[in-house]
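Which chain is which? The protein sequence lines are C and A, in order. If you read the first sequence in the numbering used here, its first letter stands for residue 1, the second for the next number, and so on. If you read the second sequence in the numbering used here, its first letter stands for residue 1, the second for the next number, and so on.
Wrong hints could be hidden among the right ones.
Derived DMTMM-like pairs: lysine to aspartate or glutamate, alpha-carbon spacing no greater than 20 Å straight-line [what the hints assert, rightly or not]:
hint, chain 1, residue 1, chain 2, residue 2
1, C, Lys58, A, Glu103
2, C, Lys42, A, Asp26
3, C, Lys42, A, Glu103
Covered, in the sense of this in silico footprint (three residues per stretch, anywhere, with C-beta under 8 Å from a C-beta of chain A), are these stretches of chain C [stated by the list, open to error]:
hint, region
4, 54-67
5, 101-111
Negatives, chain C to chain A, calculated, CB over 12 Å [claimed, not checked]:
hint, residue
6, Ile12
7, Gln14
8, Lys71
9, Gln72
10, Asp79
Read the hints as simulated data drawn from the structure, not as lab findings. Since this is a predicted model, take the numbers as computed values, not measurements. The beta-carbon is built from N, C-alpha and C at its ideal position, and this holds for glycine as well.
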Amino acid sequence: QQQVKQSPQSLIVQKGGISIINCAYENTAFDYFPWYQQFPGKGPALLIAIRPDVSEKKEGRFTISFNKSAKQFSLHIMDSQPGDSATYFCAASRSTGAGNQFYFGTGTSLTVIP
Amino acid sequence: NAGVTQTPKFQVLKTGQSMTLQCAQDMNHNSMYWYRQDPGMGLRLIYYSASEGTTDKGEVPNGYNVSRLNKREFSLRLESAAPSQTSVYFCASSEALARRTYEQYFGPGTRLTVT
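Whole structure, please, built from the sequences with the hints as guidance.
What follows is the structure in structure tokens.
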């Protein structure tokens, strides 16, 4: 059972447009929600993250919107650039007595057309 | 500062063979993780180690064993490889930051094919 559901599977956006990727979760014990960016042949790299005590976090062109009551969060990429073309993963983490477990969405392949 | 390193980068095994994937981090992180990445499935946690001397199962532990050799190294062993274990394997490490946030650093991955 997928703990974190991510959509869409793929996304094509014109340069300068807004890219939006959505994720949903069920487990209310999750307390940390990161987004990762992955280029072909590389490992994922942390892009931006949020905790459930805030509804929005912005870093440069990247914004996370978080809706605790709906158990949903999304990544917005403003002024999308061809260099943003990559696969994006949302994730959710919960603290356990033995550390943190991370659960990932299935990924969104973003293509930004020049 | 190399971050997280993994060896080998590529491996082809025959069904039933065994092998160990190696991972090391030089960031003095307490927590380390092994994931597998399959098309359309995202990353799935195989095992993790919250600290030296401890290991715990993740979502998909069957067919794998791990060893946290010391704080730096965390290895993943396939005792009897199966075609279903064909995947890209990523090791990661993390440390708690301020306000209980965590940044996971990933290695470059090992691409494993089992024939």
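We went through each hint and held it up to the structure:
In summary, the hint linking C/Lys58 to A/Glu103 is supported, as the alpha carbons are separated by about 17 Å, within the 20 Å threshold. With a C-alpha separation of about 19 Å, the suggested pair C/Lys42 and A/Asp26 falls inside the 20 Å cut-off, and the hint holds. For the given pair, C/Lys42 sits about 17 Å from A/Glu103 by alpha-carbon distance, which is consistent with the 20 Å threshold. A count of 0 residues in the region 54-67 of chain C with a Cβ less than 8 Å from any Cβ of chain A is obtained; the coverage claim is therefore unmet, three being the minimum.
Coverage of a stretch by a chain is defined here by at least three residues with a beta carbon nearer than 8 Å to that chain's beta carbons; for the region 101-111 of chain C and chain A the count is 7, and the condition holds. At roughly 18 Å, the least C-beta separation between C/Ile12 and chain A is larger than 12 Å, which holds for a residue marked as non-interface. With a least CB separation of 26 Å from chain A, C/Gln14 remains clear of the 12 Å interface cut-off, as annotated. Against chain A, the non-interface label of C/Lys71 holds: every CB pair exceeds 12 Å, the least being about 18 Å.
Annotated as non-interface, C/Gln72 keeps its C-beta farther than 12 Å from every C-beta of chain A; the closest such distance is 17 Å. Remark: the non-interface label on C/Asp79 is consistent with the geometry, its nearest Cβ contact in chain A lying 25 Å away (cut-off 12 Å).
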